[in-house]
Amino acid sequence: MSDSPIALEHHLEPHQQHHFVDMEQQKHAASLGMWLFLATELMFFGGMFCAYLIYRWSYPVEFGVGSRTLNLPLGAANTAVLICSSLTVALSIRATQMGKRTLTVVLLLLTMVFGLTFLVIKGFEWNEKYEKHHIPGASFRLSAEDLKGVNVDPQQMQDFQARTQTFYSLYFAMTGLHALHMIIGVGLFLYLTYAAWKGQYGPAYYTPLENGGLYWHFVDIVWIYLFPLLYLIDRNLQK
Amino acid sequence: MATTANFTAERENYLNANYGVRSWLLTTDHKRIALLYLASITFFFFVGGFFALMIRLELLTPAGDLVMADTYNKLFTMHGQIMVFFFLIPSIPATLGNFLVPMMIGAKDLAFPRINLISWYLYIIGGTLMMHCVLTGGVDTGWTFYTPFSTAFSNTKVIEAGLAIFINGFSSILTGLNFVVTVHRMRAPGMTWTRLPLFIWSTYATSVIFLLGTPVIAITLLLVVFERAFHLGIFDPNRGGDPLLFQHLFWFYSHPAVYIMILPAMGVISEIIPCFSRKRVFGYNFIAMSSIAIAVFGFLVWAHHMFVAGISLYSALVFSALSYLVAVPSAVKVFNWTATMYKGSVTFSTPMLYAFGFIGLFTIGGLTGLFLAALGLDVHVHDTYFVIAHFHYIMVGGAVMGFLGGMHFWWPKISGKLYPEAWGRLAAAIVFIGFNLTFFPQFVLGYMGMPRRYWQYPPEFQVLNVLSTAGSTILAVGYLLPMVYFTWSLRYGKPAGNNPWGAAGLEWQTQSPPTTFNFDEIPIVTQEAYDYENIPAPEEVPLER
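Protein sequences appear in the order of chains Z and A.
Here the working numbering is used: the first residue of the first sequence is 1, the next is one more, and so on.
Here the working numbering is used: the first residue of the second sequence is 1, the next is one more, and so on.
It should be emphasised that the hints constitute simulated quantities derived from the structure, not laboratory data.
All C-beta atoms in this analysis are idealised placements derived from N, C-alpha and C, irrespective of residue type, glycine included.
Watch out, some of these pointers could steer you wrong.
To be verified - Label-pair restraints from in silico Cβ distances: (1) A:GLY502 - Z:GLY187: 49 to 59 Å; (2) A:THR194 - Z:HIS28: 20 to 30 Å; (3) A:ASP520 - Z:ILE183: 42 to 52 Å; (4) Z:ILE221 - A:GLY449: 47 to 57 Å; (5) Z:MET98 - A:GLY502: 52 to 62 Å; (6) Z:SER58 - A:ARG452: 46 to 56 Å; (7) A:ILE311 - Z:ILE183: 30 to 40 Å; (8) A:GLY502 - Z:HIS28: 32 to 42 Å; (9) A:LEU135 - Z:GLN158: 34 to 44 Å; (10) A:ILE125 - Z:SER58: 31 to 41 Å; (11) Z:LEU214 - A:PHE46: 37 to 47 Å; (12) A:ASP70 - Z:ALA138: 26 to 36 Å; (13) A:ASP520 - Z:LYS100: 42 to 52 Å; (14) Z:TRP35 - A:LEU66: 51 to 61 Å.
What the hints assert, rightly or not - Some but not every residue of chain Z turned toward chain A, in silico, with C-beta under 7 Å: (15) HIS19; (16) MET23; (17) LEU36; (18) PHE44; (19) GLY47; (20) ALA51; (21) PRO136; (22) ALA162; (23) ARG163; (24) GLN165; (25) THR166; (26) SER169; (27) ALA173.
Using the sequences provided together with the hints, build the complete structure.
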């Protein structure tokens with residue numbers, strides 16, 4: 001074993017953990033770990049997208065009726081807000097790479113403001129569902145206006161309402177879990193902002209920021225799919 | 001030699017590096033976390049085993065006389081849930097895997113030591129919730145949580161059990177994530193992919209299933225919880241849902257989960273057999289790739305659990321054919337292990353006895369799996385004791401035998417002590433006999449038509465049921481024995497030395513027990529994994545005592 005063994009007590013970089021050989025190995029490990037985590041998230045949301053696919057295929061009219069009761073302006077506004085937040089995340093990482101600490105912190109704060117704006121708007125939307133009795137359960141009902149332009153046999157009405165509840169069930173499950181991810185994201189960014197403000201990240205080391213950004217982008221992309229699937233199908237339902 | 005042995009025994013290692021509860025509960029050492037897991041899964045093994053014995057006692061007589069029907073439902077439900085989610089799935093990966101993965105590839109620790117500790121805490125939180133559920137009334141849905149019974153009809157603690165398994169799932173996900181990153185990024189210089197021990201290959205394949213499968217059961221159980229708690233209508237037909245969708249989503253994870261249990265056991269067997277045959281493993285590439293193949297095929301066969309649930313005949317045909325396909329990589333492994341032993345100098349040590357048991361029982365379990373994958377025969381034996389016997393041959397005959405074999409094989413490395421070999425062989429024989437006596441009669445019972453999940457049965461089934469119950473008590477003795485002599489060996493066992501079996505593998509080149517960082521210097525690998533032609537057999541074979 002005389003051929004230059006790698007010594008155990010090697011020199012550690014400022015952010016290096018003891019069990020990594022060098023910073024490059026540490027960075028690659030963290031990055032791969034984050035991508036794998038996002039793969040598990042994909043499968044997590046995938047279960048619901050699968051359920052959506054099947055019920056949308058089985059109940060096209062019911063899904064159309066449910067979809068057009070959603071508040072399109074608020075949903076569109078939220079889409080815009082989230083896209084802006086992804087931009088500020090990307091810019092904040094760029095700012096860190098260039099060593100601009102204040103700019104990084106400002107951009108991270110902006111990201112959180114966008115995230116919270118999204119959640120507030122979502123809250124108003126859910127409240128609207130509550131007022132209109134569109135929350136699945138005993139008090140669920142579709143009004144005459146909701147059913148405008150749709151011919152439903154009165155004897156089939158109960159079944160039709162039950163199937164429409166499936167749309168709202170998926171709506172609440174999907175947007176609810178998405179919102180939960182947003183809340184976790186804001187919490188994560190609180191920490192990242194604090195650490196960035198303390199000057200922990202710079203051109204040499206910004207892995208946590210990059211991985212936090214990956215998470216944020218992922219949650220954003222989930223919404224990019226949720227918005228058309230929930231809000232934009234059969235807006236002009238004719239039957 | 002004696003002074004050297006003394007010196008070895010007192011060297012600093014991961015067990016005596018520091019002391020106190022705090023040093024264990026806040027440890028980030030993968031070896032200590034492995035032991036934390038070992039203690040926790042052993043606890044759940046005996047909880048689940050208690051329920052199994054209650055089931056067998058109830059079935060001693062045809063009449064439902066020991067427990068009420070409702071209690072019986074809870075017994076088999078909680079037996080299944082605890083054994084599957086809190087023992088079998090974490091068993092080998094979280095204990096032996098945690099202990100061995102970094103050492104086998106020549107790393108100081110897993111890539112994310114703190115996440116490793118978090119995963120144990122998640123397991124404990126999930127496990128505590130499960131125990132609370134068990135102690136305050138339990139759950140009676142069957143381990144499968146089938147809807148609409150679980151969401152609309154059951155009056156038991158479905159939400160609590162569902163959340164317990166949901167939380168526990170994230171413990172598995174984090175473990176799998178850690179392993180995949182570690183294998184990709186932390187290998188020692190020279191440790192190429194084709195030099196990896198086969199245990200690493202099978203653990204890697206398992207981790208992929210953890211990563212891609214577990215999130216699906218997580219969302220499925222969460223939707224069940226939502227449906228029960230918030231009246232969302234996803235699976236309940238009264239609210240427009242489709243119970244079949246639940247079954248699809250459930251089995252999408254829960255079938256690959258079987259491979260989560262068996263693949264690491266196969267990895268253990270692939271380590272034991274070359275060592276005690278003193279021979280290079282036969283067909284390294286085929287064994288490695290068959291692990292990957294099992295993980296991949298495993299994701300494509302789930303609907304064979306649903307042949308009588310109302311899926312279309314065409315999809316049933318496809319799933320039946322794909323299920324047969326799993327037999328190919330499984331058989332590849334069995335033949336390669338057998339070929340490894342051919343013309344080797346085989347010693348009948350305790351780990352090897354478990355390996356023999358594994359090969360025989362896994363073969364029976366696997367072949368009866370083909371019966372069940374056949375569309376016609378499955379209709380006949382669906383939901384009978386034939387199915388029960390089949391999957392216990394895989395999960396107990398396969399996975400638990402592998403786990404015990406691995407525990408015996410690596411115990412000298414984990415504890416630094418040798419267990420008493422004679423007792424080890426006796427326990428292995430008792431487990432094998434008890435297992436077969438318990439489960440072989442169930443094949444016959446099932447083929448005769450005895451359905452699963454009933455607490456009463458016609459009197460003509462009694463003889464076979466008595467045999468099965470008798471076997472289960474023998475099996476219990478076989479499981480208790482290693483507990484006793486492992487504990488005994490911690491204090492009274494002979495020091496093991498670094499490599500008592502003369503085994504290949506980096507973990508055997510470091511001291512026993514290893515230091516906190518595993519190696520004094522990071523090893524440089526220049527050999528294939530099973531170079532037994534060039535490794536001398538141990539001078540003093542521990543078996544001969």
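A quick look at each hint next to the structure:
| no. | hint | result |
| --- | --- | --- |
| 1 | A:GLY502 - Z:GLY187: 49 to 59 Å | holds, 53 Å |
| 2 | A:THR194 - Z:HIS28: 20 to 30 Å | holds, 21 Å |
| 3 | A:ASP520 - Z:ILE183: 42 to 52 Å | holds, 47 Å |
| 4 | Z:ILE221 - A:GLY449: 47 to 57 Å | holds, 52 Å |
| 5 | Z:MET98 - A:GLY502: 52 to 62 Å | holds, 58 Å |
| 6 | Z:SER58 - A:ARG452: 46 to 56 Å | violated, 32 Å |
| 7 | A:ILE311 - Z:ILE183: 30 to 40 Å | holds, 38 Å |
| 8 | A:GLY502 - Z:HIS28: 32 to 42 Å | holds, 36 Å |
| 9 | A:LEU135 - Z:GLN158: 34 to 44 Å | holds, 41 Å |
| 10 | A:ILE125 - Z:SER58: 31 to 41 Å | holds, 37 Å |
| 11 | Z:LEU214 - A:PHE46: 37 to 47 Å | holds, 42 Å |
| 12 | A:ASP70 - Z:ALA138: 26 to 36 Å | holds, 28 Å |
| 13 | A:ASP520 - Z:LYS100: 42 to 52 Å | holds, 44 Å |
| 14 | Z:TRP35 - A:LEU66: 51 to 61 Å | holds, 52 Å |
| 15 | HIS19 | holds, 4 Å |
| 16 | MET23 | violated, 13 Å |
| 17 | LEU36 | holds, 5 Å |
| 18 | PHE44 | holds, 4 Å |
| 19 | GLY47 | holds, 4 Å |
| 20 | ALA51 | holds, 6 Å |
| 21 | PRO136 | holds, 5 Å |
| 22 | ALA162 | holds, 4 Å |
| 23 | ARG163 | holds, 4 Å |
| 24 | GLN165 | holds, 5 Å |
| 25 | THR166 | holds, 4 Å |
| 26 | SER169 | holds, 4 Å |
| 27 | ALA173 | holds, 6 Å |
Hint compliance for this structure: hints 6, 16 are not met, and every other hint is.
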